[in-house]
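Enquirer: Protein chains in written order, with the numbering used here: chain A, 1 to 237; chain B, 1 to 336; chain C, 1 to 302.
Any given hint could be a false lead.
[Said to hold, decoys possible] Computed far set for chain B versus chain C, every beta-carbon distance over 10 Å:
| no. | residue |
| --- | --- |
| 1 | T5 |
| 2 | L75 |
| 3 | G99 |
| 4 | R124 |
| 5 | L125 |
| 6 | G131 |
| 7 | G166 |
| 8 | R191 |
| 9 | L276 |
| 10 | L315 |
[Said to hold, decoys possible] What follows is a set of in silico ranges between Cβ atoms, one per label pair, in the way DEER data are often shown:
| no. | chain 1 | residue 1 | chain 2 | residue 2 | range |
| --- | --- | --- | --- | --- | --- |
| 11 | A | G16 | B | R3 | 24 to 34 Å |
| 12 | A | E94 | B | R212 | 35 to 45 Å |
| 13 | C | V286 | A | G221 | 54 to 64 Å |
| 14 | B | A24 | C | L260 | 52 to 62 Å |
[Said to hold, decoys possible] A few chain B residues facing chain C, derived, Cβ under 10 Å:
| no. | residue |
| --- | --- |
| 15 | F59 |
| 16 | S102 |
| 17 | A105 |
| 18 | L109 |
| 19 | P121 |
| 20 | L122 |
| 21 | I132 |
| 22 | Y147 |
| 23 | G207 |
| 24 | S209 |
| 25 | V256 |
| 26 | V303 |
| 27 | G306 |
No wet-lab data here; the hints were simulated from the structure.
Cβ coordinates follow ideal geometry from the N, Cα and C atoms, glycine included.
Each chain, written out:
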Amino acid sequence: MTEGALVVEDLDVRYGGVHAVRGVSFSVERGEIVGLIGANGAGKSSTLHAVMGLVSSAAGEVRAAGASLRRRRPEDVARAGIALVPEGRRVFAELTVDENLRLGLAARRSRGGSPGLLEHVYELFPVVREFRRRPAGALSGGQQQQLAIARALVAEPDVLLLDEPSLGLAPRVVDLVFDALAAIREQGLAVLLVEQRAQRTVALADRSHVLANGELRLTLGPEDAADTETMVAAYFS
Amino acid sequence: MRRETALELAGPAALVVAAALLGALVSRSTEGYFTDALVKVAIVVALYVFIGNSGVLSFGHISFVAIGAWTAGVLSVPASEKPAIMPNLAGFLRDRAVGNLSSLALAALAGGVCALVVALPLMRLSGLAAGIATFAVLEITHNLLRYYEKVGPGLNTFSSVPETTGLRQAALGALAVVAAAFAYGRSRFGRLLRATREDPAAARAVGVSVYRQRLIAFALSGALAGLAGGLYVHLLPISTEGVYLDLTFITLAMLVIGGTTSLWGAVVGALAVSALDSTLAEAENGLTVFGATLDLPAGTRVVVVGALMALVLILRPSGLTGGREFRLPRVSADAA
Amino acid sequence: MTLAVLNIEWQTLADATALGAVYALMAVGIGLVFGVLRLVNFAYGQLVMAGAYALALASQWEWPVWAGIVLCFAVVLALSLLMDRLVFRPLRGQSPAVMLVATFAVAFLLQSIALLAFGPLGKIATSLASLNRPVTVGGVDIRKITIVAIVVAALCLLALVLLLERTTVGLHMRAASMDFATARLLGVRANRVIGAAVLVSGALAAVVAIMLTVQNPLVTPDFALRDTIVVLAGVVVGGLNRPIPATLGGFAIGFASGILGGALPTEKSQYLPSFLFAAVILVLLVRPGGLFTRYRGAVERV
């Protein structure tokens with residue numbers, strides 16, 4: 001079987017005395033969205049941080065297209081084709097929208113222009129084109145979220161990681177973001193979506209893993225989205 | 001007092017006494033190094049009282065050493081000699097002279113009061129801001145003492161100060177400072193302050209006033225630094241440059257190298273670095289050791305001490321003692 | 001007002017502007033490194049000192065002026081990179097206070113190495129001494145170096161602005177100084193950005209060394225020590241966190257020192273440092289972000 005775009009094996013993360021992630025394993029293929037849901041503190045963000053090399057004390061294995069990502073610096077992981085849209089968006093408020101996008105280019109592996117790429121990004125998130133020259137801090141929360149995703153896409157990643165993109169967003173914007181994710185899936189990216197909005201995530205993703213207490217408890221498919229009982233049980237198991 | 005607690009005082013005190021005894025055995029010229037080392041112990045322990053317990057860096061404590069030195073010096077120069085060296089001295093200072101012990105007590109008082117005044121605004125600051133602000137205090141003190149001739153000799157060196165700090169006074173002074181530091185460290189205030197060092201948020205949550213604890217420690221350490229300054233001025237003629245950046249550097253180096261967070265570290269650091277510094281100073285003048293002659297160029301000592309301090313900060317920030325207090329090695333029952 | 005009095009005033013004004021310009025460059029040098037490393041480099045003055053010694057040696061060996069300048073740059077840049085590798089890199093992630101003490105130690109270390117190597121009496125750097133001669137502009141005598149310093153500083157600052165605003169590495173540096181962690185997640189290489197900041201900072205130190213040796217040709221181990229301390233004060237007062245306020249702070253302190261130093265009689269100007277550092281304390285207490293910033297927060301941003 002060919003190796004997935006992102007493979008996580010027996011991931012273990014400790015922060016001081018806290019065992020945040022315990023032996024988690026899953027994979028994400030190209031052209032699919034895998035959801036990671038669970039209550040606060042379940043270990044979802046820690047998993048993403050470990051993939052990006054932000055946690056020095058992780059054990060286990062993380063591979064992208066067969067190559068190990070363990071012990072790599074965050075900028076090297078980014079340059080290997082993994083893009084993270086961090087929790088809270090983390091746009092550079094004092095830089096313009098354009099400059100924020102240009103920063104995203106830092107991780108691009110292909111040389112030379114890719115004119116179609118920018119157009120594509122603008123198509124997904126028209127607000128980014130509209131506010132090109134404004135400082136990113138002047139954008140609303142929803143617009144900043146779109147910018148953050150656009151910035152990640154500009155690097156032409158193979159794998160896109162998102163940490164709670166819908167946090168604090170109005171429903172209309174959440175729709176926009178989730179539609180964009182579907183489109184991104186069409187493009188052939190591997191998407192790992194960490195979310196608290198369990199229902200929408202389960203409905204959108206090809207597979208959703210439920211994390212509780214650092215452990216992977218349950219895997220749900222889109223057909224389970226309507227089954228509230230299973231969801232509640234999974235969360236509080 | 002429990003045995004461990006008693007050891008925490010006994011260890012540093014014993015080291016001080018040992019240094020004093022050793023100093024009494026060597027030649028007169030070498031004795032000076034030991035006396036100087038003991039005064040350094042007093043300064044470094046004073047630094048520890050604040051920096052070690054609070055975790056806040058202060059670049060300005062030598063100001064209080066300077067203030068103590070000035071107080072003790074100006075007051076103990078015999079009234080007849082004052083006009084010669086300090087012609088512009090203010091009236092009430094000019095006509096009076098006090099004895100040795102009084103000068104030391106007043107030095108401590110002056111140091112403590114000034115430290116309190118400085119601490120009132122500054123103890124709200126932490127980290128980098130505290131470091132810069134206390135450095136500013138050092139600069140202001142240096143500037144004022146250098147030019148304000150109503151309170152001291154200004155640009156000139158302090159001379160005619162009775163040289164009462166011999167080995168005994170230095171040792172007693174150092175022991176007094178060590179004892180005070182120990183008492184503070186074991187007291188409720190010391191424990192509360194250390195709590196704020198370890199986990200400021202938790203300490204605040206249980207109602208500890210970080211500001212007040214730091215204030216107390218800063219004032220006390222200022223008083224102790226003032227006392228040390230008094231000892232210093234009775235040891236040799238000093239000038240404003242002698243209680244400025246160089247002294248700040250060497251005493252901070254001693255504290256860091258010994259171990260910032262413990263009394264034992266402060267004493268060990270002061271004595272160890274003094275020993276190293278003195279040996280190198282001798283080597284700079286030509287030193288015969290084991291039949292071979294060591295003749296180092298002038299200035300080597302600062303290079304060595306500076307390099308050592310940088311290395312410790314980079315490789316072993318907790319210092320020689322690891323920041324721990326003095327303990328006797330345990331012989332465990334099941335040692336095989 | 002006689003022409004003579006006017007003459008002095010113009011001279012003082014020009015000198016003060018030149019001093020402010022040089023201090024502004026130092027402020028940028030310090031501010032750049034602080035931006036990416038959150039480290040106040042107490043040893044920055046030693047970089048200037050090293051450059052000055054290079055010029056003095058070149059002067060002693062009777063090298064042509066351009067060779068001396070090249071040597072100055074080479075020495076300062078090499079020392080900057082060495083400092084980064086040996087001191088800054090191992091200290092990354094430590095608290096700012098530890099970094100301050102460490103650079104304080106490095107400053108003393110370098111100063112004492114210079115003392116060891118060159119002795120306390122100092123060396124003379126005379127290569128550019130011709131710039132110390134006056135030129136008459138509009139009926140007023142101004143030393144050439146005054147004009148040169150202002151022009152050179154302005155050009156350096158312009159080049160820096162272009163670097164930061166128009167180039168990719170400049171964009172990376174700006175982003176890194178705002179949010180290093182996120183910048184790395186986007187692929188910005190930490191070591192490269194830090195290296196760039198260190199190099200630019202070093203280049204500025206070399207320029208400052210050249211400017212300062214014209215007016216003070218005697219190079220001693222504590223060359224530029226007082227200047228560094230004053231500039232640090234100015235940077236803190238102006239605003240440590242952002243490049244523009246930091247630069248303004250540096251310029252303001254230099255300009256103010258020049259004006260007050262030239263205009264006040266000696267007895268009154270002696271206490272200038274006290275006022276200056278009292279201002280530093282005041283700013284740290286009341287407006288820790290700096291006087292020239294809109295940012296009202298603390299000196300450190302976690």
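Enquirer: Determine whether the non-interface label on T5 of chain B survives the test: each CB of chain C must be over 10 Å from its CB.
Expert: Answer for T5 of chain B: holds, closest chain C Cβ roughly 30 Å.
Enquirer: Using the Cβ atoms, figure out if A24 of chain B sits within 52 to 62 Å of L260 of chain C.
Expert: Holds: the Cβ-Cβ distance is about 54 Å, inside 52 to 62 Å.
Enquirer: Just to be careful: measuring from the Cβ of G306 of chain B to every Cβ in chain C, is the smallest value less than 10 Å?
Expert: holds, 3 Å
Enquirer: Hint validation: I132 of chain B versus chain C, beta carbon distance must be below 10 Å. Holds or violated?
Expert: holds, 6 Å
Enquirer: Confirm or reject the statement that G99 of chain B sits farther than 10 Å, beta carbon to beta carbon, from all of chain C.
Expert: holds, 33 Å
Enquirer: Taking the closest Cβ pair, is V256 of chain B under 10 Å from chain C?
Expert: holds, 7 Å
Enquirer: Verify the CB-CB distance for V286 of chain C and G221 of chain A against the hinted window 54 to 64 Å.
Expert: holds, 60 Å
Enquirer: For the hint on S102 of chain B, does the least C-beta distance to chain C fall short of 10 Å?
Expert: Hint on S102 of chain B: violated, closest Cβ of chain C at ~30 Å, above 10 Å.
Enquirer: Quick check: does the Cβ-Cβ distance between G16 of chain A and R3 of chain B fall within 24 to 34 Å?
Expert: holds, 32 Å
Enquirer: Hint check: is the beta carbon of A105 of chain B less than 10 Å from a beta carbon of chain C?
Expert: Result: violated, 28 Å to nearest chain C Cβ.
Enquirer: Does the closest beta carbon of chain C sit nearer than 10 Å to the beta carbon of G207 of chain B?
Expert: violated, 23 Å
Enquirer: Verify that the Cβ of R124 of chain B lies farther than 10 Å from every Cβ atom of chain C, and report whether the claim holds or is violated.
Expert: violated, 7 Å
Hints 4, 5, 6, 10, 16, 17, 18, 23 and 24 from the earlier list are contradicted by this structure; the remaining hints agree with it.
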